[in-house]
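*Asks:* Each chain, written out:
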Amino acid sequence: MYKEAAENIIIVRDLVKKFGSFIANDHLSFEVKRGEVFGFLGANGAGKTTAIKILCGLSYPTSGKLTIGGFDIYREREKIKKNIGYMSQRFSLYDDLTVFENIRFYAGIYGLRKKVIEERAAGLMEKLDMKDARDKLLRDIPLGWKQKLAFSVAIIHNPKIVFLDEPTGGVDPITRRQFWDMIFEASRNGITVFVTTHYMDEAEYCDRVSIMVDGKIAALDTPENLKSIYSAESMNEVFLKLARVKVA
Amino acid sequence: MSAILVEHLVKHFKQVRALDDISFSIREGELFGFIGPDGAGKTTLFRLLTTLLIPDGGKAFINGLDVVKEYRKIRQDIGYMPGKFSLYADLSVEENLNFYATVFGTTVAENYDLIRDIYSQIEPFKKRKAGKLSGGMKQKLALSCALIHKPSVLILDEPTTGVDAVSRLEFWEMLKRLKQSGITVVVATPYMDEASLCDRVALIQSGKIMTISPPSEVINTYPWRLFSVKSADIFSLLGDLKRYPQVHTVFAFGQSAHVSFKSEEVTEPLLHDYLIQHGHSEITISKADANIEDCFMELMIKP
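As given, the protein sequences belong to chains A and B, one line each in that order.
Quick note, in my numbering, the first sequence goes up one by one and the last residue is 248.
Quick note, in my numbering, the second sequence goes up one by one and the last residue is 551.
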């Protein structure tokens, strides 16, 4: 996907996060452009989740400069939270609320007014073909539907950036692709997508990908360039070459 | 005698038919994979096989023993690694292993040879609390604990979900070595690429088995003509391909689209012209060999 030179919506400079003497994030520096689909990869234990929590304003850096959506991580944390969306595989929506109740709840938290919520909820359910499931409890709908709904809810307030933490884990291959159609569409509409995944074919869908190893960024480039630089035919191969350093 | 024999197994939870008349057999020493997404019924099936649930219909046998009537004997002879980490987070690596050995009436020393390759990788951390291990290390510990009593059948429920590609590869290399030592290994996974590492796979969806065969045979039975197509803009490419008159399916695979046709009339030049007309550039079209994921999706959409 060709993107014109766009402004940087996320700017990270020398991010350090320490837990005691353990350095989880070791001077990370990178930018993410507005409207980009940015893949954030790394082996388990490499420091990805730590970094994402900091970017979302959920955790404090030890040192470094960060600007998210134009807001400073130290002084404007609440403004950051209003301008982002978040979805993870581990937790997304409430099983014991209905589809509509979930939409209304999150839209309310994101600060949308009642009328706007009603309009957007209707539009969302229409688009996802879930009108008949409006009053079904979330635990009673298929996983694939939950994922698509969770993503739509994460962007219901049209945030500048949406953070997706392994959003398609365990989902069937058709639903996975429908999910990525939704991601592409959001990106087209100007929403920046910051996504982590263990599915290496999904890494290929991203405009650029960064790979973390042992707390540092070991590579950051387009999938095409990475495959060329590492003489690999797939992102899976690139990942294996870079990350197969540690055993345990 | 099969290591595992299942006949018309049925299990429901209220209105949901989690397993809908499942039948199959697994040979001794086979590395057998159940491939399917969340909600397909893999965990329910494994809980039935490991005698943790009782079926609503049908029968299942492990090494000739009935899972309902002879569950005690079965439990001594199977190893189980459930989907979530289920060891004791507040015990150390070493304490967990000793605990499981004792519960099964053996000692760590007795069967150490079997787990040596795996356990040696986490042995340096043996005093660490299990809850503080990384994902990959937890897996290795759970596998060691499942093997410590030298089971003849090992059942693993999504052992690689949420684990990075490197650890996944290493884990499957360990499984192959176990199979070579004569253990029957049954694995559930949502990762389609892992299917090719099994002797045979069962593709499972919504409580039903769609097909059981060696991975190469699954691929050979893909019925349609498949092309791999690339252009400068994958998003528009997918849209335009979906609108092509005789198209059957279009699915994204990384930077390419896999497009299938039932008709023999569609040719590469025709497709190429169509894409040029729709403003695409940097077009490449080639015949593609179907992989397990293509086959799985084809089976999913069958009416």
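I should point out that these hints are in silico values taken from the structure, not numbers from a laboratory.
Some hints here could point you the wrong way.
[Said to hold, decoys possible] Pairs of lysine to aspartate or glutamate, EDC-like flavour, derived with a Cα cap of 16 Å:
{"id": "1", "chain 1": "B", "residue 1": "Lys427", "chain 2": "B", "residue 2": "Asp365"}
{"id": "2", "chain 1": "A", "residue 1": "Lys127", "chain 2": "A", "residue 2": "Glu185"}
{"id": "3", "chain 1": "B", "residue 1": "Lys386", "chain 2": "B", "residue 2": "Glu342"}
{"id": "4", "chain 1": "B", "residue 1": "Lys490", "chain 2": "A", "residue 2": "Glu224"}
{"id": "5", "chain 1": "A", "residue 1": "Lys146", "chain 2": "B", "residue 2": "Asp286"}
{"id": "6", "chain 1": "B", "residue 1": "Lys478", "chain 2": "A", "residue 2": "Glu185"}
{"id": "7", "chain 1": "B", "residue 1": "Lys375", "chain 2": "B", "residue 2": "Glu343"}
{"id": "8", "chain 1": "A", "residue 1": "Lys146", "chain 2": "A", "residue 2": "Asp132"}
{"id": "9", "chain 1": "B", "residue 1": "Lys398", "chain 2": "B", "residue 2": "Glu276"}
{"id": "10", "chain 1": "B", "residue 1": "Lys478", "chain 2": "A", "residue 2": "Asp132"}
{"id": "11", "chain 1": "B", "residue 1": "Lys332", "chain 2": "B", "residue 2": "Glu276"}
{"id": "12", "chain 1": "B", "residue 1": "Lys398", "chain 2": "B", "residue 2": "Asp325"}
{"id": "13", "chain 1": "B", "residue 1": "Lys262", "chain 2": "A", "residue 2": "Glu185"}
{"id": "14", "chain 1": "A", "residue 1": "Lys241", "chain 2": "B", "residue 2": "Asp286"}
*Asks:* Can the restraint linking Lys241/A and Asp286/B be considered satisfied, given a maximum Cα separation of 16 Å?
*Replies:* The given pair, whose Cα atoms are some 30 Å apart, is violated under the 16 Å limit.
*Asks:* Can you confirm whether the C-alpha distance between Lys478/B and Asp132/A stays at or below 16 Å?
*Replies:* 37 Å, violated
*Asks:* Could you grab the alpha-carbon distance between Lys398/B and Asp325/B and see if it respects the 16 Å cut-off?
*Replies:* 8 Å, holds
*Asks:* For the pair we were handed, Lys146/A and Asp132/A, check the Cα-Cα distance against 16 Å.
*Replies:* Roughly 14 Å between the alpha carbons, so the hint for Lys146/A and Asp132/A holds.
*Asks:* Given the hinted pair Lys427/B and Asp365/B, is their alpha-carbon gap at most 16 Å?
*Replies:* 14 Å, holds
*Asks:* Does the alpha-carbon distance linking Lys386/B and Glu342/B stay inside the 16 Å limit?
*Replies:* 12 Å, holds
*Asks:* Taking 16 Å as the top limit, are the C-alpha atoms of Lys398/B and Glu276/B close enough?
*Replies:* 15 Å, holds
*Asks:* Hint check: Lys375/B vs Glu343/B, CA-CA at most 16 Å. Holds or violated?
*Replies:* Holds. Lys375/B to Glu343/B sits at ~8 Å (cutoff 16 Å).
*Asks:* Holds or violated: Lys332/B and Glu276/B, Cα atoms, limit 16 Å.
*Replies:* Answer violated: Lys332/B to Glu276/B is near 26 Å, above 16 Å.
*Asks:* Can you confirm whether the C-alpha distance between Lys490/B and Glu224/A stays at or below 16 Å?
*Replies:* Measuring from Cα to Cα gives roughly 25 Å; hence the hint is violated.
*Asks:* With the threshold set at 16 Å, check whether the alpha-carbon distance from Lys262/B to Glu185/A stays at or below it.
*Replies:* Measuring from Cα to Cα gives roughly 38 Å; hence the hint is violated.
*Asks:* Starting from Lys478/B, check that the Cα of Glu185/A is at most 16 Å away, please.
*Replies:* The given pair, whose Cα atoms are some 19 Å apart, is violated under the 16 Å limit.
Consistency with the previously given hints fails for numbers 4, 6, 10, 11, 13, 14, ordered from lowest to highest.
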